[in-house]
Structures are given as structure tokens and as C-alpha cells.
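Residue numbers (this note's numbering), protein chains in the order written: chain B, 223 to 334; chain C, 247 to 361.
Treat the hints loosely; a few may be bogus.
Unchecked claim - In silico SDA-like cross-links for lysine to any residue, where the CA-CA straight-line distance does not exceed 20 Å: (1) B:Lys258 <-> C:Ser251; (2) B:Lys278 <-> C:Lys253; (3) B:Lys258 <-> C:Gln252; (4) B:Lys278 <-> C:Gly347; (5) B:Lys258 <-> B:Ala307; (6) B:Lys289 <-> B:Ser273; (7) C:Lys253 <-> C:Gly345; (8) B:Lys258 <-> C:Arg357; (9) B:Lys258 <-> B:Asn274; (10) B:Lys258 <-> C:Asp348; (11) B:Lys292 <-> B:Leu230; (12) C:Lys253 <-> B:Gly262; (13) B:Lys258 <-> C:Gly347; (14) B:Lys258 <-> B:Asp305; (15) C:Lys253 <-> B:Gly264; (16) B:Lys278 <-> C:Gly345; (17) B:Lys258 <-> C:Lys311; (18) B:Lys258 <-> C:Pro285; (19) C:Lys253 <-> B:Gln266; (20) B:Lys258 <-> C:Phe321; (21) B:Lys258 <-> C:Ile342; (22) B:Lys289 <-> C:Gly347; (23) C:Lys311 <-> C:Asn328; (24) B:Lys258 <-> C:Thr290; (25) C:Lys253 <-> B:Pro261; (26) B:Lys258 <-> C:Ser288; (27) B:Lys278 <-> B:Leu230; (28) B:Lys278 <-> C:Asp348; (29) B:Lys292 <-> C:Gln297; (30) B:Lys278 <-> C:Pro346; (31) C:Lys253 <-> B:Ala263; (32) B:Lys258 <-> B:Lys290; (33) B:Lys258 <-> C:Thr349; (34) B:Lys258 <-> C:Val249; (35) B:Lys258 <-> C:Ser247; (36) B:Lys258 <-> C:Leu291; (37) B:Lys258 <-> C:Phe307; (38) B:Lys258 <-> C:Gln287; (39) B:Lys258 <-> C:Gly286.
Just so you know, these hints were derived from the structure itself, not from any lab.
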Amino acid sequence: GEDVEQSLFLSVREGDSSVINCTYTDSSSTYLYWYKQEPGAGLQLLTYIFSNMDMKQDQRLTVLLNKKDKHLSLRIADTQTGDSAIYFCAERGPDSSYKLIFGSGTRLLVRP
Amino acid sequence: SAVISQKPSRDICQRGTSLTIQCQVDSQVTMMFWYRQQPGQSLTLIATANQGSEATYESGFVIDKFPISRPNLTFSTLTVSNMSPEDSSIYLCSGIAGGPGDTQYFGPGTRLTVL
């Protein structure tokens, strides 16, 4: 079955790096995504990684994928207070439905 | 990418009534979806909105409760029917515009409170 899990909460100091972790169960997932949700807002796509990649970097964001362990992480370098939000990972399966299975979300709190 | 808007942004409704939420995309999208986000929870897919035909519903969601229309490639509606307090959630529409990653873009959501 499909299941995506994340830790619920992460607190870091401004300027430090944040690492948000995600595990998934569907080994046939094709794409994995990271979304950000600020209070009262919709979901903002941050980045995605294709399942045949093990790393993707985009400015302050680094995504690592360990397909063997079905583990995905998002590293935010030089975390700022504006990064405080809920971060969701999501997987897309191999079928043609394009539907996404979301994790529970990790609430990131950045302390000044 | 795609810019997605929703109306209304929020509403407070009485139980037993129905609310129709509109979703407009600024460009043609291949697929559109409706999700529900219950308070403090993650997103759950309600259905795939199919252009010109009946939506495809996920397990636990039925057409009588959540009728969906998609008359063209850039517009869809979701109706929450015969509402109860348990329907209080954020309802989000999304669309896939094509391109790398088949990325799915989301609207800002409609925050529904049922009294």
C-alpha cells in the first residue's frame, strides 16, 4: 500500500540548516515532491526529484533520495524566519492517474 | 507553471446547506484534482475532475456528496452537499500543466466552516 510518513515538528535557529525527513513505502514511485504551506495559504511547490536521481540542488534547497531505504530528505541551508511553515512530501505512483499521496507534514519553526 | 485561483476563499455555512467552490486556472492544464485538508491534517484526494465527463472519485468519496464539474480545460467546480460540521476543512484544487516532473500546482484553498 501507499504510505508517506514525516516527523511532525522541527525547530531550528535562524542561520542553521534544517533537514526534514520523509519515508515512503511505494518503491515504484516515479516522482517525489516537496511542498510548503504557510499559515492560511495553499501549497507552494518547492522542488521535485525523479526516482532515478539521488540528489537535486536548487539554491538553498537540497533534496536527497535513498531509493533503497525509501527515504527522502529536504535540506534548507541558512534557514530564515520566513521559512517557518509546514512542509509536505508527496509521492506519485507509476500509474497514469498522476495522483499524489501526501505525508502528514512537518511543521518547521525557525527561532530568531 | 500554472496560477490557480479559487472562490470563495472562505465561507461559514449552516448544516444541511450546500456550497459550490470554483477553481480557475490561468492556462490549460491536462488534469485537475480536488483535495480536502481537514484541520491539522494532511491532504486527501477527493477526485480527479475530468473534462466533459464524470469525475473519478477516490475511496470514501461519492458523487452525491461531492459533485464535480469540469466544462473546459481551465475551470472546475466542487460542491459540498448537505453539509455537516465534519465537512469543515480546507478544499484545494490543483492542476498539472505539463512540463518536467508533471508538477502539480495548487490553488490557495477554500476554508469552509460548517456550523
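Do the hints match the structure? See the list:
Only pairs whose Cα atoms come within 20 Å are accepted, and B:Lys258 paired with C:Ser251 is accepted, the gap being roughly 17 Å. For the given pair, B:Lys278 sits about 35 Å from C:Lys253 by alpha-carbon distance, which is inconsistent with the 20 Å threshold. For the suggested pair B:Lys258 and C:Gln252, the alpha carbons sit about 18 Å apart, so the restraint of at most 20 Å is met. A C-alpha spacing of about 13 Å is found between B:Lys278 and C:Gly347, which places the hinted pair at or below 20 Å, so the restraint holds.
Pair hint B:Lys258 plus B:Ala307 holds up; C-alpha atoms about 7 Å apart against a cutoff of 20 Å. For the hint pairing B:Lys289 with B:Ser273, the CA-to-CA distance comes to about 7 Å; that is within 20 Å, so the pair holds. Annotation: proposed proximity of C:Lys253 to C:Gly345 is violated, straight-line Cα distance about 27 Å (limit 20 Å). Restraint check for B:Lys258 and C:Arg357: satisfied, since their Cα atoms lie roughly 18 Å apart, inside the 20 Å limit.
As the CA atoms of B:Lys258 and B:Asn274 are separated by approximately 23 Å, the hinted pair breaks the 20 Å bound. Pair hint B:Lys258 plus C:Asp348 holds up; C-alpha atoms about 18 Å apart against a cutoff of 20 Å. Taking the CA atoms of B:Lys292 and B:Leu230, the gap is near 18 Å; set against the 20 Å cutoff, the hint holds. A C-alpha spacing of about 15 Å is found between C:Lys253 and B:Gly262, which places the hinted pair at or below 20 Å, so the restraint holds.
Pair hint B:Lys258 plus C:Gly347 holds up; C-alpha atoms about 17 Å apart against a cutoff of 20 Å. A distance of roughly 9 Å separates the Cα atoms of B:Lys258 and B:Asp305; the hinted pair therefore holds under the 20 Å criterion. At most 20 Å may separate the alpha-carbon atoms for a hinted pair to count; C:Lys253 and B:Gly264 meet this at roughly 13 Å. This hinted pair checks out: B:Lys278 and C:Gly345 have alpha carbons roughly 17 Å apart, not beyond 20 Å.
Restraint check: the Cα-Cα separation between B:Lys258 and C:Lys311 comes to about 29 Å, which exceeds 20 Å; the hinted pair is violated. With a CA separation close to 16 Å, the supplied pair B:Lys258 and C:Pro285 stays within the 20 Å bound. The suggested pairing of C:Lys253 with B:Gln266 holds, with an alpha-carbon distance near 18 Å, which does not exceed 20 Å. Using a Cα cut-off of 20 Å, the hinted pair B:Lys258 and C:Phe321 is violated, with the two alpha carbons roughly 24 Å apart.
The suggested pairing of B:Lys258 with C:Ile342 holds, with an alpha-carbon distance near 17 Å, which does not exceed 20 Å. As the CA atoms of B:Lys289 and C:Gly347 are separated by approximately 17 Å, the hinted pair is consistent with the 20 Å bound. For a cut-off of 20 Å, the pair hint linking C:Lys311 to C:Asn328 stands: about 7 Å separates their Cα positions. The hinted pair formed by B:Lys258 and C:Thr290 meets the criterion: a straight-line CA distance of about 16 Å does not exceed 20 Å.
Our distance criterion of 20 Å between C-alpha atoms is met by C:Lys253 and B:Pro261, whose separation comes to about 18 Å. Between B:Lys258 and C:Ser288, the direct Cα distance comes to roughly 12 Å. Compliance with the 20 Å bound is thereby established for this hinted pair. Only pairs whose Cα atoms come within 20 Å are accepted, and B:Lys278 paired with B:Leu230 is rejected, the gap being roughly 24 Å. For the hint pairing B:Lys278 with C:Asp348, the CA-to-CA distance comes to about 16 Å; that is within 20 Å, so the pair holds.
Under the criterion of a C-alpha separation no larger than 20 Å, the hint pairing B:Lys292 with C:Gln297 is inconsistent with the structure, at around 35 Å. Pair hint B:Lys278 plus C:Pro346 holds up; C-alpha atoms about 14 Å apart against a cutoff of 20 Å. With a CA separation close to 14 Å, the supplied pair C:Lys253 and B:Ala263 stays within the 20 Å bound. Proximity of B:Lys258 to B:Lys290 is assessed by CA-CA distance (about 26 Å); at most 20 Å being required, the pair is judged violated.
Of the pairs offered as hints, the one joining B:Lys258 and C:Thr349 holds, with about 14 Å between alpha carbons and a cut-off of 20 Å not exceeded. A threshold of 20 Å between alpha carbons decides the hint, and for B:Lys258 with C:Val249 the separation of about 16 Å falls inside it, so the pair holds. For the proposed pair B:Lys258 and C:Ser247, the alpha carbon gap of about 16 Å is at most 20 Å, so the pair holds. With a CA separation close to 18 Å, the supplied pair B:Lys258 and C:Leu291 stays within the 20 Å bound.
About 26 Å separates the Cα atoms of B:Lys258 and C:Phe307, which puts this hinted pair outside 20 Å; it is violated. The suggested pairing of B:Lys258 with C:Gln287 holds, with an alpha-carbon distance near 14 Å, which does not exceed 20 Å. Using a Cα cut-off of 20 Å, the hinted pair B:Lys258 and C:Gly286 holds, with the two alpha carbons roughly 15 Å apart.
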